[in-house]
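Chemist: Chain by chain, the residues:
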Amino acid sequence: MTLFNLHKNTFKHGIHPPESKDETSGMPIRQFPFAPVIILPMAQHIGAPSEIVVREGQEVQRGQLLAKANGYVSVPMHAPISGKVRKIANVPTISGKMSLGIYLEAFPFSTQEVLEGTPIDPDTATSEEILQGIQDAGIVGLGGAAFPTHVKLKIPEGKTCETLIINGVECEPYLTTDHRVMLEQESDIFTGIKYLLKATGAKKAIIGIEANKQDAADHLSKHIPKELPVSVQVLPVKYPQGAEKMLITSILGKEIPSGKLPIEAGAVVVNVATTAEIGRLLPHGRGIQERVITITGPGVKKKGNYLIPVGTPLRYVLEQVGVDEDISEVYMGGPMMGMAVSNLDISIVKGTSGILVFTKKDVNRSTTIYPCIKCGACVDACPIMLNPSKLGILAKFEAYDEMASDFNLMDCFECGSCTYVCPSHIPLVQYFRSAKRIVRKREADKKEKAHA
Amino acid sequence: MLRKTLNISTSPHITKGRGTNEIMKNVVWALLPVVGFSIYSFGLNSLLVIATATFASVLTEHVLCKLSKKQTTVGDYSAVITGLLLGLTLPPSFPLWMAFIGGIIGIALGKYIFGGLGYNVFNPALVARAVLQAAFPVAITTWHPAFLTDRFSSIASSVFTLPFMEPEFDVISGATPLAAFKFDGVTTSTAELAFGQISGSAGETSAVIIIIGGLYLIARNMMNWRIPVAVLLSAFVLSGALYLINSEVYPSPWFMLFSGGLMLGAVFMATDMVSSPITPIGLWVYGAIIGILTIVIRVWGGLSEGVMYSILLANAISPHIDSVIKNRVYGTKRKIKAA
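Residue numbers (the working numbering), protein chains in the order written: chain A, 1 to 452; chain B, 1 to 339.
Misleading hints may appear alongside valid ones.
Here are the simulated SDA-like cross-link-like pairs (lysine to any residue), alpha carbons at most 25 angstroms apart as the crow flies [said to hold, decoys possible]:
{"id": "1", "chain 1": "B", "residue 1": "LYS333", "chain 2": "A", "residue 2": "THR368"}
{"id": "2", "chain 1": "A", "residue 1": "LYS396", "chain 2": "B", "residue 2": "THR73"}
{"id": "3", "chain 1": "B", "residue 1": "LYS25", "chain 2": "A", "residue 2": "SER434"}
{"id": "4", "chain 1": "A", "residue 1": "LYS361", "chain 2": "B", "residue 2": "SER9"}
{"id": "5", "chain 1": "B", "residue 1": "LYS70", "chain 2": "A", "residue 2": "SER366"}
{"id": "6", "chain 1": "B", "residue 1": "LYS16", "chain 2": "A", "residue 2": "LYS260"}
{"id": "7", "chain 1": "A", "residue 1": "LYS396", "chain 2": "B", "residue 2": "ASP322"}
{"id": "8", "chain 1": "B", "residue 1": "LYS69", "chain 2": "A", "residue 2": "SER366"}
{"id": "9", "chain 1": "A", "residue 1": "LYS97", "chain 2": "B", "residue 2": "ILE8"}
{"id": "10", "chain 1": "A", "residue 1": "LYS396", "chain 2": "B", "residue 2": "TRP254"}
{"id": "11", "chain 1": "A", "residue 1": "LYS260", "chain 2": "B", "residue 2": "THR332"}
{"id": "12", "chain 1": "B", "residue 1": "LYS16", "chain 2": "A", "residue 2": "SER328"}
{"id": "13", "chain 1": "A", "residue 1": "LYS301", "chain 2": "B", "residue 2": "LEU6"}
{"id": "14", "chain 1": "A", "residue 1": "LYS361", "chain 2": "B", "residue 2": "LEU6"}
{"id": "15", "chain 1": "A", "residue 1": "LYS12", "chain 2": "B", "residue 2": "PRO280"}
{"id": "16", "chain 1": "B", "residue 1": "LYS333", "chain 2": "A", "residue 2": "HIS425"}
{"id": "17", "chain 1": "A", "residue 1": "LYS361", "chain 2": "B", "residue 2": "THR332"}
{"id": "18", "chain 1": "A", "residue 1": "LYS441", "chain 2": "B", "residue 2": "SER9"}
{"id": "19", "chain 1": "B", "residue 1": "LYS25", "chain 2": "A", "residue 2": "HIS16"}
{"id": "20", "chain 1": "A", "residue 1": "LYS436", "chain 2": "B", "residue 2": "SER323"}
{"id": "21", "chain 1": "B", "residue 1": "LYS333", "chain 2": "A", "residue 2": "ILE263"}
{"id": "22", "chain 1": "A", "residue 1": "LYS21", "chain 2": "B", "residue 2": "ASN21"}
{"id": "23", "chain 1": "B", "residue 1": "LYS25", "chain 2": "A", "residue 2": "THR368"}
{"id": "24", "chain 1": "A", "residue 1": "LYS396", "chain 2": "B", "residue 2": "LYS69"}
{"id": "25", "chain 1": "B", "residue 1": "LYS25", "chain 2": "A", "residue 2": "THR367"}
{"id": "26", "chain 1": "A", "residue 1": "LYS12", "chain 2": "B", "residue 2": "LYS333"}
{"id": "27", "chain 1": "A", "residue 1": "LYS301", "chain 2": "B", "residue 2": "ASN7"}
{"id": "28", "chain 1": "A", "residue 1": "LYS396", "chain 2": "B", "residue 2": "GLY17"}
{"id": "29", "chain 1": "A", "residue 1": "LYS21", "chain 2": "B", "residue 2": "SER323"}
{"id": "30", "chain 1": "A", "residue 1": "LYS254", "chain 2": "B", "residue 2": "ARG328"}
{"id": "31", "chain 1": "A", "residue 1": "LYS302", "chain 2": "B", "residue 2": "THR5"}
{"id": "32", "chain 1": "A", "residue 1": "LYS21", "chain 2": "B", "residue 2": "ASN7"}
{"id": "33", "chain 1": "A", "residue 1": "LYS12", "chain 2": "B", "residue 2": "ARG220"}
{"id": "34", "chain 1": "A", "residue 1": "LYS12", "chain 2": "B", "residue 2": "LYS69"}
{"id": "35", "chain 1": "A", "residue 1": "LYS159", "chain 2": "B", "residue 2": "ASN21"}
{"id": "36", "chain 1": "B", "residue 1": "LYS333", "chain 2": "A", "residue 2": "PHE407"}
{"id": "37", "chain 1": "A", "residue 1": "LYS260", "chain 2": "B", "residue 2": "LYS333"}
{"id": "38", "chain 1": "B", "residue 1": "LYS16", "chain 2": "A", "residue 2": "ILE263"}
{"id": "39", "chain 1": "A", "residue 1": "LYS396", "chain 2": "B", "residue 2": "VAL324"}
{"id": "40", "chain 1": "B", "residue 1": "LYS16", "chain 2": "A", "residue 2": "LYS159"}
I should point out that these hints are in silico values taken from the structure, not numbers from a laboratory.
For reference, chain B alone in the conformation it holds in the complex:
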């Protein structure tokens, strides 16, 4: 006679079996070529900065979990992403102690105080970047030129600045294409921008590799394609319109698209699932806000770059986008609720 103790469970009894940690892991894979290219073009400096930021993020996550007597959440890979993204937004010759502080801030202030993964309002890496920008305005805008011949043998002196000391930068430092345009009126060719023959943050120099990483995630259904498309499309349309009005004053839309952090921001930062809206229309609105704000800051603002603040602002209103723009439920008329 059949005698068995059976488990009971609620339906559905099958699942797709793809975990959140697996999505996060794949984002890390998609970021690795960007990291690799950054190391290739900036050498040891970049390797040290990215490694430090990542190490600090993961360590902070682990320590905070231990302090609050919870099981460590390092295994979900989200801290690795925060660290890598932060490292990629920093100048390659950024002092390591500052990068380390950035890693701590990203996890502690950007994510943990909100309640950890899933509850953060802002992209943690950008929170860290914003704090670093306010705290160390000189260090974070001093750019290191790419493809120096001794990039694999020597390290910029600023990298090893002692903690809480002002860094001294080497004499040769390159201006980013955006800064060069904004302050000196010099434009850089799109081909150079696309393939990374330029100065900039570690990760913002090769648009092509960033796009490949994005396409990989979109193909695996681990990134919502609407966000990067909305960001880039809106930036392109606005800067294209300005260019058509006066091509003497305003740069070409291609230049806008491929320069600075727009590509990295559109593909890897704005797409942070937690801090972006959830409905398709909401995603388009959110992406368009980022694209338009970026161009507005670049063209009329005091800074040469505006991606970071645009994304942070869009993050802040993303919960409101979700509460105003909802999907039309089957069998009902669309409801628009005043926020």
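Next up, chain A with everything else stripped away, as it sits in the complex:
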């Protein structure tokens, strides 16, 4: 019977990489020092970059609006520190592209008090007002995607949201950000859930947590307020359970139709740290200024979970925590889906959930790529049941259209499980990323032609 339950409580396939969370999971969140200069790129969320409303030389208070949302799929940006706008110029971002940004010089002796705005009362505010409040607070998905949360919470006409799922899975190895947030910020989380239930109209909320964070599950279960319809569901540990589709399948036992959103299954999924941020900011009408980040990896001296102002330069962060002499790769996010950093001059952004430092000997990437031997390890790993082996062969022949039309390429969400298990070390997910981009471009070109 237990076996049966266990089976129903998760999705099919997936992988079990080493968790590597023990070194930081027990470390409480600590405030990180303020950098002398912070660099705030305007393009740090999905959608249109924020539009700057301050001028060079202007003095700003922590929490003050620096840039407003530029359209619906966009969010404003607030001052992470009190200081002076030194420069408005192009700044580097992790993707390699430049983005317009603000250089903010901290006042050395400021109390760094946060400016308050118009509070939003969860009991009296309407759904629309809450969504507006979430956008005004500059909130995006803190799990890593950085998609504007108010857009995600907007229930389309004709659909209803039955279940609000709070994502406390944190399936990426090494990261313990959400784990600490769940242990330390339970009241913010429950306040956030109150806002979210109101905003989505959901009747109940389920917090999904993997079994390696049983302490967090117990802690939250113990503190559920009586009036809130919230439950905690502990799931078996498996990557990529934190992916929206997988989490919905694990919790509700339903699949999201290909190309559709979670609302098709009557659900909306919100990351637990995002939820806590909503619960903390909205009652004061504040904007987001900082976030919790796990800094870890074999190359880091002072590992831990830190509360770091958005815009803190990565170089400053690494200098503060201390890194080994022979560091070789730095990732933002987890080791499975995080991006490698090419330049230490980029800054922490809202979507940065972790900073991971590997030294030369920790990078175990093989340089020998063997031919695909059709062992099927990737087929057994793919959480959406694609055939990565076949897709990989087609990618070699540049048969991108066939990959999309016959082998569901566009359903791939790039979790990297196939590449992780491949004994021939074929960079499958890298092929699929390029192939998806090419297919998208071709479709766009086709549309353009049809319109012309």
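Given the coordinates of chain A, assemble chain B onto it according to the supplied hints.
Modeler: Positioned in the frame of chain A, the structure of chain B alone reads:
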């Protein structure tokens, strides 16, 4: 100030770290007890035949890589497996020059002309075996008895036949249990079959040791358990049904399971990853085809044994199985595409 040149790479930044060469190496480990038992029961003859076939395979792989100015791929161990498997399918007193040619054919025609490891349509060892069967029908069906008292001191005269000469076989040669049944109506007990007290190819005589090797690979996740289970199950069910219909004419399903090359074929040949399908349902279909064809050939065919041709045929349709039977992708309905 922190000054560093960083490497960049695409995610995922960690891997399971198990290489293809490691899988191949483990298949070799799993085969070694089978080789050991073969040497134990057939003596020096078997040692020489297996060693020759393996040497020829590895040498061919190396030479072909050098000729095409590529780095040698001997290090991936796949040529060793081809050689060992070929050696194990040959009669123990098989002439060495023929075994050597078999090794060359397996790698050159069975694998290299398709593009090397990963691109071969057929199991290379079986391609070699099939060519040898066509070229040397007498030598390949002349079986040497097991457990001769002088097996570690003398070598059958046929082994050292000069290249391109007809071998002369010693007077005493044993019939395989399948041949004995097919042509003389004599059955062998399952216990004798399971523990290898019989004549046969070097590697097809002890089912138990083959199963142990298979279990090792399955436990290490280096072999898909569905294939051997599908092959053996389908063979058992079909021969069991025939046995129930008429036990006078048809042998017991246990006899079918443990005799001949079925066990070696099901565990080590049909499971060649490259030439088998990739989806779970595809694997069941593929295995069932092999099991059923084997019994059909054994019962109604002109040959006493049918494992080799069954696997080769299943290899040939395996790409088609993959294009017809696909996994149902998350969030979609099952698609069946006409081949």
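Chemist: What are the numbers of the hints that this structure violates, sorted from low to high?
Modeler: 1, 3, 6, 10, 16, 17, 22, 29, 34, 35, 38, 40
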